Amino acid sequence: MRIVIEITYLVSSVFFIFGIKYLGSPKTARKGNLFSSIGMFMAIVITLFDQHVLTFEWIIIGILIGSLAGVILALKIPMTGMPQMVGMLNGFGGGASTLVALAEYYRINPNYPLDRGLVFNLPVDQGIAIIMSLLIGGVTFTGSMIAFGKLQGIVSGKVIKYPLQHPLNLVLLLAVMTAGTYVLINPGLISLVLIITFVSLLLGVLLVLPIGGADMPVAISLLNSYSGIAGSATGFVLGNNELIIAGALVGASGIILTLIMCRGMNRSLMNVVLGGWASAGTASTAAGDITSIKGDVKSVDAEELAMIFDAASSVIIVPGYGMAVAQAQHAIRDLTSTLEKKGIKVRFAIHPVAGRMPGHMNVLLAEANVPYDKLFALEDINDDFQNTDVAFVVGANDVVNPAARHDQSSPIYGMPILNADYAKTVVINKRSMNPGYAGIENELFFGQNSLMYFGDAKDAITKLTNEIKAL
Amino acid sequence: MFMEDLTFLMHIYVFVLAIFVGFELITKVPPTLHTPLMSGSNAISGITIVGALLSAGLEQFTISTILGLVAVIFAMINVVGGFLVTDRMLKMFKKKE
Numbered sequence: 001m002r003i004v005i006e007i008t009y010l011v012s013s014v015f016f017i018f019g020i021k022y023l024g025s026p027k028t029a030r031k032g033n034l035f036s037s038i039g040m041f042m043a044i045v046i047t048l049f050d051q052h053v054l055t056f057e058w059i060i061i062g063i064l065i066g067s068l069a070g071v072i073l074a075l076k077i078p079m080t081g082m083p084q085m086v087g088m089l090n091g092f093g094g095g096a097s098t099l100v101a102l103a104e105y106y107r108i109n110p111n112y113p114l115d116r117g118l119v120f121n122l123p124v125d126q127g128i129a130i131i132m133s134l135l136i137g138g139v140t141f142t143g144s145m146i147a148f149g150k151l152q153g154i155v156s157g158k159v160i161k162y163p164l165q166h167p168l169n170l171v172l173l174l175a176v177m178t179a180g181t182y183v184l185i186n187p188g189l190i191s192l193v194l195i196i197t198f199v200s201l202l203l204g205v206l207l208v209l210p211i212g213g214a215d216m217p218v219a220i221s222l223l224n225s226y227s228g229i230a231g232s233a234t235g236f237v238l239g240n241n242e243l244i245i246a247g248a249l250v251g252a253s254g255i256i257l258t259l260i261m262c263r264g265m266n267r268s269l270m271n272v273v274l275g276g277w278a279s280a281g282t283a284s285t286a287a288g289d290i291t292s293i294k295g296d297v298k299s300v301d302a303e304e305l306a307m308i309f310d311a312a313s314s315v316i317i318v319p320g321y322g323m324a325v326a327q328a329q330h331a332i333r334d335l336t337s338t339l340e341k342k343g344i345k346v347r348f349a350i351h352p353v354a355g356r357m358p359g360h361m362n363v364l365l366a367e368a369n370v371p372y373d374k375l376f377a378l379e380d381i382n383d384d385f386q387n388t389d390v391a392f393v394v395g396a397n398d399v400v401n402p403a404a405r406h407d408q409s410s411p412i413y414g415m416p417i418l419n420a421d422y423a424k425t426v427v428i429n430k431r432s433m434n435p436g437y438a439g440i441e442n443e444l445f446f447g448q449n450s451l452m453y454f455g456d457a458k459d460a461i462t463k464l465t466n467e468i469k470a471l
Numbered sequence: 001m002f003m004e005d006l007t008f009l010m011h012i013y014v015f016v017l018a019i020f021v022g023f024e025l026i027t028k029v030p031p032t033l034h035t036p037l038m039s040g041s042n043a044i045s046g047i048t049i050v051g052a053l054l055s056a057g058l059e060q061f062t063i064s065t066i067l068g069l070v071a072v073i074f075a076m077i078n079v080v081g082g083f084l085v086t087d088r089m090l091k092m093f094k095k096k097e
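Those protein sequence lines, which keep their order, are chains A and B.
Just so you know, my numbering puts 314 at position 314 of the first sequence, and the rest follows in order with no gaps.
Just so you know, my numbering puts 63 at position 63 of the second sequence, and the rest follows in order with no gaps.
A portion of the hints provided could be inaccurate.
[To be verified] Chain A side only, calculated, beta carbon under 8 Å to chain B, not exhaustive:
no., residue
1, ALA29
2, GLY66
3, PRO78
4, MET82
5, SER97
6, ASP125
7, VAL250
Since the hints were made in silico from the structure, they are not lab data.
In this text the structure is predicted, and so the values were computed from the model without any measurement.
We put the CB at the ideal spot given by N, CA and C, even for glycine.
Could you build the full structure based on these sequences and the hints that come with them?
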């Protein structure tokens, strides 16, 4: 039976690999997801035949509760809530790793339930795996829950600073390592293992708390990676290759996304992890920027704007987090089809860090039935802005700020931006003149070819569409 | 001190090779699918369900059973929620008719 089980795990791992491979194209992606879920189903079923699995009542209860909760979550969550959904799921994965590592430790420790001082032999490699599993799993669990809270608005999405932030985290990490080393020497010490678990959980909270809302794409990707690595660590604890493989795949995926997000903001991973972009220092720079920007803001109303759009032959729409907040994706789709009926070419330019997680804008526009071949990544469309009549910026700000190109004192200097300002006319839809996340004034708003179209994105765009139809 | 045979080293082998496979596969995923990639890979990380089942199904009822039970619940939310929500998203990705 052992061999059958192992071979099934191998086949299941291959299903995961094909599952991710098919995610490489929108045409095969659904099939890929099906492959992965078949792989998971196989792994679950065959594990029930393991010789160590002897009672089933708790398993059945757990599977029923977990599945039910999973189904409800997956079907109820609106598409705009996807970042927090992903955040929460990351957390459950990490939590499961911590719990399994702890359960395995208790299982092999003869001192349970009391510290009876019995010496037992915990192989160093397995011991390290348990400690890593507790640490990474614990950080992933609480870190993801804080990220979830921030995205859901339960926890403040601002950069939360606390005294001695970096030294404190370093001390806690060293504490885990010291306690871990001690556990390797004397594996029977249950209390130490519990301390490691607790400190890891605390560390997750402290690490994510200082990360601001717009840095969430990086944080979520990184936590996604952690959840995978935690799974691998659990695989080392149990000596199970499938956990190691599946965890490594997810870990790699998260790391790649994290790096893409960091590149999209021109910031190092350390810089994001250590937190605080809009810190006190940059706030003063921002104040300086406002006075340095010259020129007037030209505002435009729906009727006037409708004529500008009507006269255009090509339009590029630049969506940002503001579109998600206003749930304006459907209104934008209506605008798009209205313009297309008039023979105007409409495309979308998606900045890698637009929104709160990788691909956030793409999912929202897909929900509104915007075909994915109208959506272009920064490097594929940036040269086309100069030949475009109208660039329409909806709820995006920092990702179109030209200061990133030339103003060395700007906190976003060097960040790759969409060249919306190169278009013949730039129309910016915003609720007010409030600066964006980075707290810096956007000189795009004051540009010669810029027009501000104030109002809530959904209402303003619906109004605009009606005006265009009326022409 | 270490596990007698080279099992652990073999696991490291598998881990390192799997990371390379992961890098190869994931660099080919287009940005438009990054969100489904995250939620889908997330569901895969719910593979810890295997460990959770082993703990929850132990013969004797101990603290490990309780920890295992909670782990089964967590991992199952991760698996079922992850795959379902990914499918819900992927259904929406359409090319122009």
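Hints and how they fare:
Because the beta carbon of A:ALA29 sits about 5 Å from the nearest beta carbon in chain B, less than 8 Å, this interface hint is met. With 8 Å as the threshold, the beta carbon of A:GLY66 comes within range of chain B, its nearest partner Cβ sitting at about 2 Å, so the hint holds. The interface hint given for A:PRO78 is broken, as the beta carbon of that residue sits about 11 Å from the closest beta carbon of chain B, more than 8 Å. The restraint placing A:MET82 at the interface with chain B holds, with a minimum CB-CB distance near 6 Å, inside the 8 Å limit.
Checking A:SER97 against chain B: minimum C-beta separation of about 5 Å stays under 8 Å; hint holds. Below 8 Å, beta-carbon pairs count as interface contacts, and A:ASP125 has one with chain B at about 4 Å; its hint therefore holds. Hint status for A:VAL250: holds, given a least beta-carbon distance of 4 Å to chain B, under 8 Å.
Going through the hint list in order, the structure does not satisfy hint 3, though it satisfies all others.
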